[in-house]
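Asks: Each chain, letter by letter, is given below.
Number of protein chains: 2
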Amino acid sequence: MNTEPRSYSSPLRQQQMEDTRQRIVEAALTLISEQPQEAFSHEEIARRAGIALRTVYRHFPSRPELLDAVWKTSDSQLELSHYPDTEADMLAAVEPVYARMDAHAPLMRGLLRSNAGQEMRRRDNERRRAAMERALAPATAHLDAAGKRGVLGIFQSIFSGRAWETMRDRAHLQEGEPARATEWAMRTLLAQLYRDQKVSAREGQRHAKPAAKRAAKNKA
Amino acid sequence: MNTEPRSYSSPLRQQQMEDTRQRIVEAALTLISEQPQEAFSHEEIARRAGIALRTVYRHFPSRPELLDAVWKTSDSQLELSHYPDTEADMLAAVEPVYARMDAHAPLMRGLLRSNAGQEMRRRDNERRRAAMERALAPATAHLDAAGKRGVLGIFQSIFSGRAWETMRDRAHLQEGEPARATEWAMRTLLAQLYRDQKVSAREGQRHAKPAAKRAAKNKA
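Read top to bottom, the protein sequences are chains A and E. All letters in the first sequence, in the order written, are residues 4 to 223 by the working numbering. All letters in the second sequence, in the order written, are residues 4 to 223 by the working numbering.
Okay, chain A solo, but in the shape it has when bound (with noise of 0.2 Å):
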């Protein structure tokens, strides 16, 4: 018999602690994948898991902490929040992104589906929003602030994973289209971008030309 007292920084007791937490999230992201529509409780996830509801919430103090666990596994599957912040970046990002959401598109609808999912989702808003206005910067220079932040919202809107679902299940895009369509749609409006930017700086330049001339009036 084992006398020895249950050590809990032990390696093996370490290694159930890990295996338990894990059990917890995977059965997390199995309802999140499989019924979007079911409440996001700690009882349905201990349901699920097998394990008891003390044990969840001892990993798991309050819903916060569940869902960035959550968040944290979807995210190594789907990089959901690794976000390109230059033009050139982003454009090569939307093929891998997409080929990510279709590879597990059941845990990609079930996000998109679930209050879970929007409420983490929500939550990395601010991080998304700023590094695409980062990566929107050299073709909106031209723009005022309201112009810069309609061309940001239509770059959030064409390359999200709501524009993925609605391509996939709403248009009935096959796999590997809603990429190619984003990518002409990025590449077409960035493009009339930077013509508005060099007709707009020609325009500066010749009103710039009466006012260098009355510059030179006065001096002389």
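Be a bit skeptical, because a hint or two may be false.
Given that identical chains are not distinguished, each listed pair holds provided it fits within a single copy or across any two copies.
Stated by the list, open to error - With a straight-line Cα cutoff of 20 Å, these simulated SDA-like cross-link-like pairs (lysine to any residue) come out: (1) K75 to H145; (2) K75 to R103; (3) K75 to L94; (4) K201 to A144; (5) K151 to R66; (6) K151 to E29; (7) K151 to Q121; (8) K151 to D172; (9) K151 to L192; (10) K75 to T143.
Read the hints as simulated data drawn from the structure, not as lab findings. Nothing here was measured: the structure is a model prediction, and the numbers come from that model.
Guided by the hints, dock chain E onto chain A, whose structure is given.
Replies: Frame of chain A; chain E shown alone:
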């Protein structure tokens, strides 16, 4: 004392039935607007309307019948199911559609976030998709089926309740700005499609010439 037997077809009785029905639908709309994450059930709606559960079931024997009535009333406020099916009508619809969403923002957000709202919108999707396909037909005439689907997917992504919500709540656009941004994006993408169409028509003629020459040669 009134000894006349109660008639179910009396105008008063009809009016009472109509009032009760309306109270149920209003309770359902309030539930969606105020607590989109709440379960949408006959029980919850009966509780909110202060009406007996059996009465709710008498008016709406099943969930689809209840959802139809709620959708119809939402629609009279938001006109969500009036889908333009020409390019001009689609462009002209952006401003009034987004203005209605702004005017009924809590209901619109509720419809987007609640399971009931998502269910209603999914059921109406095919009509919406088909109308947009017709609206885009002239601009996408030169594309193959996959190309047409891609353009449709982009347009469904940028002109939708979800896009409105992304622009307002994620990209922080102000009232009126989503319409301007969406119109700009639509016009830019349509202009590119028509430019591509001219190019492919010219290329078609160039490819046709050698064939015509060959035909002339064979004749001679």
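Asks: A separate judgement is required for each hint: does it hold in the structure or not?
Replies: Hints, verified against the model:
1. K75 to H145: Result: close neither inside a copy nor across copies, 38 Å intra and 44 Å inter.
2. K75 to R103: Classified as within; 15 Å inside a copy, 37 Å across copies.
3. K75 to L94: Result: close neither inside a copy nor across copies, 24 Å intra and 41 Å inter.
4. K201 to A144: within (11 Å within a copy, 31 Å between copies)
5. K151 to R66: For K151 and R66, neither the intra-copy (36 Å) nor the inter-copy (44 Å) Cα distance is at most 20 Å.
6. K151 to E29: The answer is neither: 40 Å in one copy and 39 Å across copies each exceed 20 Å.
7. K151 to Q121: neither (26 Å within a copy, 30 Å between copies)
8. K151 to D172: Between. Shortest inter-copy distance 16 Å satisfies the 20 Å Cα cut-off; intra-copy 30 Å does not.
9. K151 to L192: both (13 Å within a copy, 18 Å between copies)
10. K75 to T143: The answer is neither: 33 Å in one copy and 41 Å across copies each exceed 20 Å.
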